[in-house]
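Novice: As you go down the protein sequences, you meet chains A and B in turn.
Be aware that the first sequence starts at 1, since it is given in the working numbering, and climbs by one per residue.
Be aware that the second sequence starts at 1001, since it is given in the working numbering, and climbs by one per residue.
In case anyone wonders, no lab produced these hints; they're calculated from the structure.
Heads up, a few of these hints could be off.
To be verified - Ranges between beta-carbon positions, derived for each pair:
{"hint": "1", "chain 1": "A", "residue 1": "S267", "chain 2": "B", "residue 2": "E1069", "range": "57 to 63 Å"}
{"hint": "2", "chain 1": "B", "residue 1": "E1038", "chain 2": "A", "residue 2": "V202", "range": "47 to 53 Å"}
{"hint": "3", "chain 1": "A", "residue 1": "V42", "chain 2": "B", "residue 2": "E1082", "range": "30 to 36 Å"}
What the hints assert, rightly or not - Some but not every residue of chain B turned toward chain A, in silico, with C-beta under 10 Å:
{"hint": "4", "residue": "H1029"}
{"hint": "5", "residue": "G1030"}
{"hint": "6", "residue": "K1044"}
{"hint": "7", "residue": "L1045"}
{"hint": "8", "residue": "T1049"}
{"hint": "9", "residue": "R1056"}
{"hint": "10", "residue": "R1059"}
{"hint": "11", "residue": "D1070"}
Just so it is clear, the structure is predicted and the values come from calculations on it, not from any experiment.
Note that CB positions come from ideal geometry on N, CA and C, so glycine has one too.
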Amino acid sequence: MRRIARRLVRLYPEAWRERYEEEFIAALEESPATIAVLLDVVLGALDAQVRPQVSDRRFRMVVRLRGSVLAVLWSLVGMVVAGVGFQKMSEYGDFVRAARESAWVGVSFDAVVVGAILALAALLAGGLPVALGAIRGAFVERRRDVPLLFCAPLVCIGLFVGYAFLVTKVVYPAVHPTGVQSPVNVAIFLSIVGAFALAVVVSAGAVSTAVSRVELGEAPFRFALYPAALATLAMGVVLVGTLVWGLALRALTPGLFTGDGGLLSTSTTVNWLAILAVMAISTLVAARAVVRGFSARAGS
Amino acid sequence: MVGEGVLDLGRFSDPALFVLMSLAGGEKHGYAMMEDIEEVCGTKLGPGTLYGALARLERRALIEPVSSEDRRKPYRLTAAGEVALEKRLGELRNFASVGFARLATT
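All chains should be built: construct the whole structure from the sequences, respecting the hints.
Specialist: The structure is reproduced here in structure tokens:
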């Protein structure tokens, strides 16, 4: 009966549940499990639907702020994946030499690195208060799922490092692929890229879910908007740095730019354009989310 | 909103009045209020009815939650809540006096 009553709580409006669900369930658990109580919960839900008892405005504002901050987090995921691709591509000897020979190539590459570090530092600055608030709220609400979800990024990183180690130190020497574009080499490379993308997406998904499951109020999200704006600015620096890097490389050594210096010896130009496209989309999504967040903040 | 009294709650007046009465005896969480109301008023409030009243009273700033580490969040009366309860009890006292006086004359 109590399980049914707990399910019936879902009949209440979302704003109501956000505010009262935990304590309501606590009271429900102490009440006798009878049909009368069940009926009372249904009538209470109907009443709350017909005559809203909780202000939707504040709830909507929190949802918008949270959505903006999480959108910036997801944009950073796109940026990280594209950034790792750029780093992998530009680590080849010819690109390193080009960075030494041309100030534009060198400085733009440094700008990409500085922007990436700044974006990740901003993510930590804004994310830590939100994460700590969510973990504190989870202990108050006695939710075990939230701390577990926050452990997911550590587990994902551990699994990815273990997988990459296994593949590069055990599988690769054992199969010893011949040629960069050999099917085995391509499969190994794609499996590592896929594992990395999966680890990043699962981590971000777990953190997003954890943050959405606890009633956090608006304060941590209001604060997180500033680091989110800084992270977006840093993403812009990474984007411009990558753009200038490619253009300077094209001007300095056209042969290298139009050659096959990309990932798995594919076209440098196509790799650069693809990385640039992902970075541009990520930065635009983040910028839009920050603008929406500040507009929700101003409207409160 | 703060100025609105218990009387503005229409058909929800009774549970709201019971809650205010219960909290006049000190801060309590949901289930403790249900037990107190049953003991003092003889009325058994279900959790749905109780939280409907709590939400309305909180929205009108007649009660407020007390910060707590427990899932069972306690509530207390606000100054406006005390005024509203006093006013309503005064009206009921007048109502009861008139009722008893009329009964005495019949």
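Novice: If a hint holds in the structure, say so; if it does not, say that too.
Specialist: Verification of the hints:
| no. | hint | result |
| --- | --- | --- |
| 1 | S267/A - E1069/B: 57 to 63 Å | 59 Å, holds |
| 2 | E1038/B - V202/A: 47 to 53 Å | 49 Å, holds |
| 3 | V42/A - E1082/B: 30 to 36 Å | 33 Å, holds |
| 4 | H1029 | 7 Å, holds |
| 5 | G1030 | 3 Å, holds |
| 6 | K1044 | 8 Å, holds |
| 7 | L1045 | 8 Å, holds |
| 8 | T1049 | 6 Å, holds |
| 9 | R1056 | 6 Å, holds |
| 10 | R1059 | 6 Å, holds |
| 11 | D1070 | 8 Å, holds |
Of the numbered hints stated above, none is contradicted by the structure.
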